[in-house]
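Colleague: Please construct the entire structure, taking both the sequences and the accompanying hints into account.
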Amino acid sequence: MPIDVNVNGKKRTLDVDPSTPLLWVLRETLELTGTKFGCGAAQCGACTVHLDGHAVRSCVLPVSAAAGKNVTTIEVQGHAVVEALQKAWTQIDVPQCGYCQPGQIMSAAILLAETQAPTDKEIDACMSGNACRCATYVRIRSAIHDAAASLKGGAR
Amino acid sequence: MSSVNLARRGFLQVSAAIGGGLLVGFRWPEKGADAPLAGDFAPNAFVRIAPDGRVTVIINKAEMGQGPSTSLCQLLADELDADWSKVGFEFAPVDPVYAHPGFGIQMTGGSTSTFAMSLPMRKAGAAARALLVQAAGEKWKVPASECRTEKSFVIHDASKQRAAYGELADAAAKLTPPADVPLKDAKDFQLIGKPLKRLDTPAKVNGSAIFSMDVHVPGMLTALVAHVPVFGGKAKSIDSAAALAVPGVKQVVDVGSGVAVIASGFWAAKKGRAALKVEWDLGPNAGMSSAGMRADYKKLAEGPGKVARKDGDPEGALKSAAQVLDAEYELPFLAHAPMEPLNCVVDLRADSMEIWAGSQFQTVDHAAASAVAGLDPKSVKLHTTFLGGGFGRRANPVADYIVEAVKVAKAAKAPVKLIWTRDDDLRGGYYRPMWHSRIRAGLDSAGAIASWMHTIVGQSFIAGTAFEAFLVKDGIDGTSVEGSADTDYALPNLQVDLHTTKLGVPTLWWRSVGHSHTAFVVESFLDEVAHASKTDPLELRRKLLAGKPRNLGVLELAAAKAGWGKPLEKGRARGIAVHHSFESYVAAVAEVSLENGKLRVHKYTVAVDCGRVVNPDTIQAQIQGAVGFGLTATLYSAITLADGRVEQSNFHDYKLLRIQEMPAVEVHIVPSDEPSTGIGEPGVPPIAPALCNALFELTGKRIRHLPIREEDLHS
Numbered sequence: 000m001p002i003d004v005n006v007n008g009k010k011r012t013l014d015v016d017p018s019t020p021l022l023w024v025l026r027e028t029l030e031l032t033g034t035k036f037g038c039g040a041a042q043c044g045a046c047t048v049h050l051d052g053h054a055v056r057s058c059v060l061p062v063s064a065a066a067g068k069n070v071t072t073i074e075v076q077g078h079a080v081v082e083a084l085q086k087a088w089t090q091i092d093v094p095q096c097g098y099c100q101p102g103q104i105m106s107a108a109i110l111l112a113e114t115q116a117p118t119d120k121e122i123d124a125c126m127s128g129n130a131c132r133c134a135t136y137v138r139i140r141s142a143i144h145d146a147a148a149s150l151k152g153g154a155r
Numbered sequence: 000m001s002s003v004n005l006a007r008r009g010f011l012q013v014s015a016a017i018g019g020g021l022l023v024g025f026r027w028p029e030k031g032a033d034a035p036l037a038g039d040f041a042p043n044a045f046v047r048i049a050p051d052g053r054v055t056v057i058i059n060k061a062e063m064g065q066g067p068s069t070s071l072c073q074l075l076a077d078e079l080d081a082d083w084s085k086v087g088f089e090f091a092p093v094d095p096v097y098a099h100p101g102f103g104i105q106m107t108g109g110s111t112s113t114f115a116m117s118l119p120m121r122k123a124g125a126a127a128r129a130l131l132v133q134a135a136g137e138k139w140k141v142p143a144s145e146c147r148t149e150k151s152f153v154i155h156d157a158s159k160q161r162a163a164y165g166e167l168a169d170a171a172a173k174l175t176p177p178a179d180v181p182l183k184d185a186k187d188f189q190l191i192g193k194p195l196k197r198l199d200t201p202a203k204v205n206g207s208a209i210f211s212m213d214v215h216v217p218g219m220l221t222a223l224v225a226h227v228p229v230f231g232g233k234a235k236s237i238d239s240a241a242a243l244a245v246p247g248v249k250q251v252v253d254v255g256s257g258v259a260v261i262a263s264g265f266w267a268a269k270k271g272r273a274a275l276k277v278e279w280d281l282g283p284n285a286g287m288s289s290a291g292m293r294a295d296y297k298k299l300a301e302g303p304g305k306v307a308r309k310d311g312d313p314e315g316a317l318k319s320a321a322q323v324l325d326a327e328y329e330l331p332f333l334a335h336a337p338m339e340p341l342n343c344v345v346d347l348r349a350d351s352m353e354i355w356a357g358s359q360f361q362t363v364d365h366a367a368a369s370a371v372a373g374l375d376p377k378s379v380k381l382h383t384t385f386l387g388g389g390f391g392r393r394a395n396p397v398a399d400y401i402v403e404a405v406k407v408a409k410a411a412k413a414p415v416k417l418i419w420t421r422d423d424d425l426r427g428g429y430y431r432p433m434w435h436s437r438i439r440a441g442l443d444s445a446g447a448i449a450s451w452m453h454t455i456v457g458q459s460f461i462a463g464t465a466f467e468a469f470l471v472k473d474g475i476d477g478t479s480v481e482g483s484a485d486t487d488y489a490l491p492n493l494q495v496d497l498h499t500t501k502l503g504v505p506t507l508w509w510r511s512v513g514h515s516h517t518a519f520v521v522e523s524f525l526d527e528v529a530h531a532s533k534t535d536p537l538e539l540r541r542k543l544l545a546g547k548p549r550n551l552g553v554l555e556l557a558a559a560k561a562g563w564g565k566p567l568e569k570g571r572a573r574g575i576a577v578h579h580s581f582e583s584y585v586a587a588v589a590e591v592s593l594e595n596g597k598l599r600v601h602k603y604t605v606a607v608d609c610g611r612v613v614n615p616d617t618i619q620a621q622i623q624g625a626v627g628f629g630l631t632a633t634l635y636s637a638i639t640l641a642d643g644r645v646e647q648s649n650f651h652d653y654k655l656l657r658i659q660e661m662p663a664v665e666v667h668i669v670p671s672d673e674p675s676t677g678i679g680e681p682g683v684p685p686i687a688p689a690l691c692n693a694l695f696e697l698t699g700k701r702i703r704h705l706p707i708r709e710e711d712l713h714s
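Protein sequence lines, in the order shown, are assigned to chains A and B. Straight run, no breaks: the first sequence in numbering that gives the first Met the number 0 ends on number 155. Straight run, no breaks: the second sequence in numbering that gives the first Met the number 0 ends on number 714.
Derived by calculation from the structure, the hints in this document are not laboratory data. Mixed in with the good hints there might be a few duds.
[Claimed, not checked] Dumping the calculated DSSO-like pairs for lysine-lysine here, alpha-carbon to alpha-carbon at most 27 Å:
no.: 1; chain 1: A; residue 1: Lys151; chain 2: B; residue 2: Lys196
no.: 2; chain 1: B; residue 1: Lys150; chain 2: A; residue 2: Lys86
no.: 3; chain 1: B; residue 1: Lys138; chain 2: B; residue 2: Lys183
no.: 4; chain 1: A; residue 1: Lys120; chain 2: B; residue 2: Lys597
no.: 5; chain 1: B; residue 1: Lys533; chain 2: B; residue 2: Lys547
no.: 6; chain 1: B; residue 1: Lys193; chain 2: A; residue 2: Lys86
Modeller: Written out as structure tokens, the structure reads:
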């Protein structure tokens with residue numbers, strides 16, 4: 000039976016095995032490859048997307064669980080928080096290899112949606128599920144603070 | 000990441016001998032392999048200027064985060080006097096023109112990209128600029144020597160004329176490139192040395208950067224391989240019925256390294272692989288265990304191996320020493336674990352093939368793939384994508400996953416993407432070797448070092464490969480002993496010897512190669528000597544590095560910036576280490592404490608001398624990253640085997656450092672006019688010893704193995 004999912008504001012009707020993790024539907028069926036496969040076991044966070052405003056690991060979430068819901072990925076347009084983070088990420092040059100960064104940004108977006116000016120401890124608590132083998136953590140932290148500051152300035 | 004210090008040394012010697020700087024092996028490129036568009040100006044293989052003024056720099060290096068797609072552009076664009084806002088890049092096709100000037104093959108490793116490509120990129124930019132100036136001179140009928148260039152314009156001040164590079168591209172394309180062109184004086188650099196923003200960042204923050212994992216070819220299938228669970232085994236019998244019954248599964252095929260399940264997509268392939276029943280012939284390595292290997296290594300280390308270096312009379316001096324320190328250091332196999340698991344896309348047709356891979360080793364991967372496909376290499380195209388991390392894993396002399404992908408494609412009869420899952424990645428071999436060291440020092444009655452003997456035990460990943468002829472000399476693999484046999488310390492009566500073992504575990508270079516183990520041993524043991532002789536660890540290093548200005552430069556800078564010798568907050572301690580690798584010098588001071596018995600790493604203060612700086616922000620980023628990468632290995636990483644099988648499978652048992660464990664990192668760069676040298680790897684070696692030396696200060700307990708264990712933290 001087809002599954003309807005709203006992806007980045009657009010309704011998509013999917014005719015796929017309902018047990019398929021959302022990650023592979025995004026990447027293969029919808030060709031939204033910004034969301035990454037890193038571990039397949041919710042261990043690294045590279046596949047992080049938003050499901051109705053919550054961060055989820057799409058590599059372990061069956062697409063059936065997203066039926067009728069809103070999915071937001073790194074490719075989203077016009078999302079003030081994601082855009083503020085992308086800008087801060089660019090200004091600080093956070094990425095090295097870059098593979099985990101879409102997941103990092105999507106996790107950080109949930110933090111900033113819920114916490115206007117997060118402390119380092121709050122950043123740690125939210126971001127500890129996102130691994131970066133290049134260890135860009137120092138800059139991730141700075142960029143989250145910068146994005147928070149820019150959003151406070153009224154961009155939110 | 001070929002460390003290949005021996006080759007590098009040869010490279011430098013030859014360069015010096017012909018007075019040609021870094022030009023050895025560099026032939027002036029006459030063409031790029033991809034034809035430029037009509038109207039583009041492509042004076043050589045490294046740059047193209049379009050009529051609209053866009054400058055495209057062709058990058059012959061793998062971009063795995065270490066920054067060549069920005070730094071090589073800076074080098075070329077500076078000599079070109081290009082408007083930086085118009086500069087972009089693309090990755091080079093496979094062509095001899097893009098070979099590493101020192102190593103002769105197209106590859107990225109040994110922290111040599113800036114080192115080897117500085118001069119070629121600058122010359123390519125200068126040559127293009129000369130042609131644009133010549134074209135403008137001819138257009139305006141003024142001598143070229145009266146024209147100057149600035150931000151992608153040629154300007155003739157006397158006649159007040161100016162022309163954009165794009166306007167001149169067509170005319171410049173018709174001119175013959177000059178044989179040689181003068182290069183700028185360093186004082187005139189506009190872009191080199193500046194912290195310019197990375198050119199690859201925008202695509203990496205909006206999801207548009209294409210890694211090979213993201214490549215899509217129409218009609219493409221996806222393959223997962225059920226790998227043989229023991230290295231050297233093979234499939235005995237395959238029951239594919241259940242796998243083939245999974246909707247979307249097309250084919251099950253034995254590819255030697257395992258059994259491939261080819262399906263319409265990842266999930267079908269994964270379900271198919273889970274349903275597959277294979278009886279394995281586990282082969283000769285089914286009994287292997289880490290504990291058994293360690294016991295064998297320990298035994299071997301009791302006697303000397305093949306001598307890599309011998310100065311004076313080490314045995315004699317040890318016998319007559321007033322005090323002898325004797326220690327063993329143990330280091331495990333390590334997986335590279337790049338965030339992007341290994342994968343490769345192959346589109347194999349009857350008479351041609353296209354491959355997409357995040358390759359660090361294009362020449363090798365291209366040749367191996369062509370051979371397996373049975374195709375003329377000329378009809379095989381390898382596209383280098385971004386790499387979601389490499390750390391050496393994507394530079395394999397036997398091109399393991401590339402070969403596997405082509406074998407799958409041969410069976411699939413359709414374009415196919417081979418994906419390794421994280422389990423495949425961690426269990427698939429090609430690890431940093433397991434190492435064992437026995438190290439001894441004899442001290443005289445004044446506490447000075449009178450003898451130093453280091454016995455190293457471990458595998459050679461060079462032996463048996465095409466690189467053996469260059470890197471193994473007199474039975475010694477230089478990458479096994481680098482960082483010890485070539486120590487910069489003035490150690491009298493020195494011996495470094497090596498037992499090269501043969502095991503069924505495939506091994507490979509891993510970020511910083513041999514230095515990843517030798518720096519830990521040498522820098523930790525030197526700390527032992529300092530404490531035994533009641534000398535300050537900084538002072539001891541200072542003494543042993545007398546007359547070595549670059550080692551001393553970073554040592555003194557890191558120590559001063561870290562406040563070495565000054566009082567610390569209660570409960571904290573510092574440790575120091577310094578190491579020379581890949582022609583760069585790095586010193587690190589770690590500051591740690593124990594909070595409720597748990598280790599907290601507060602800060603690393605790092606000083607680096609990597610010659611002339613091309614982009615200081617890249618250096619800072621690479622050092623920050625090296626601290627995190629080094630800490631992961633120090634605190635968590637070990638690949639272990641039991642019954643021939645790798646015990647780790649994902650990030651729950653092969654942990655990576657997380658943001659809450661990341662210390663503050665201060666990076667200080669020593670200004671230098673020396674040639675630009677490595678930065679991707681040299682930050683890693685001093686990280687572990689600096690930490691363990693700090694922990695010794697705190698607990699009095701010497702840590703002689705990695706990763707650190709819980710009990711190491713309690714005195």
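Colleague: Run every hint past the structure and note whether it holds.
Modeller: Consistency of the hints with the structure:
1. Lys151(A) <-> Lys196(B): Holds, at about 25 Å.
2. Lys150(B) <-> Lys86(A): Distance ~26 Å between Lys150(B) and Lys86(A) Cα, so the pair holds.
3. Lys138(B) <-> Lys183(B): At roughly 25 Å apart (the allowed maximum being 27 Å), Lys183(B) and Lys138(B) satisfy the hint.
4. Lys120(A) <-> Lys597(B): Holds. Lys120(A) to Lys597(B) sits at ~17 Å (cutoff 27 Å).
5. Lys533(B) <-> Lys547(B): 23 Å, holds
6. Lys193(B) <-> Lys86(A): 21 Å, holds
Violated hints are absent here; each numbered hint is respected by the structure.
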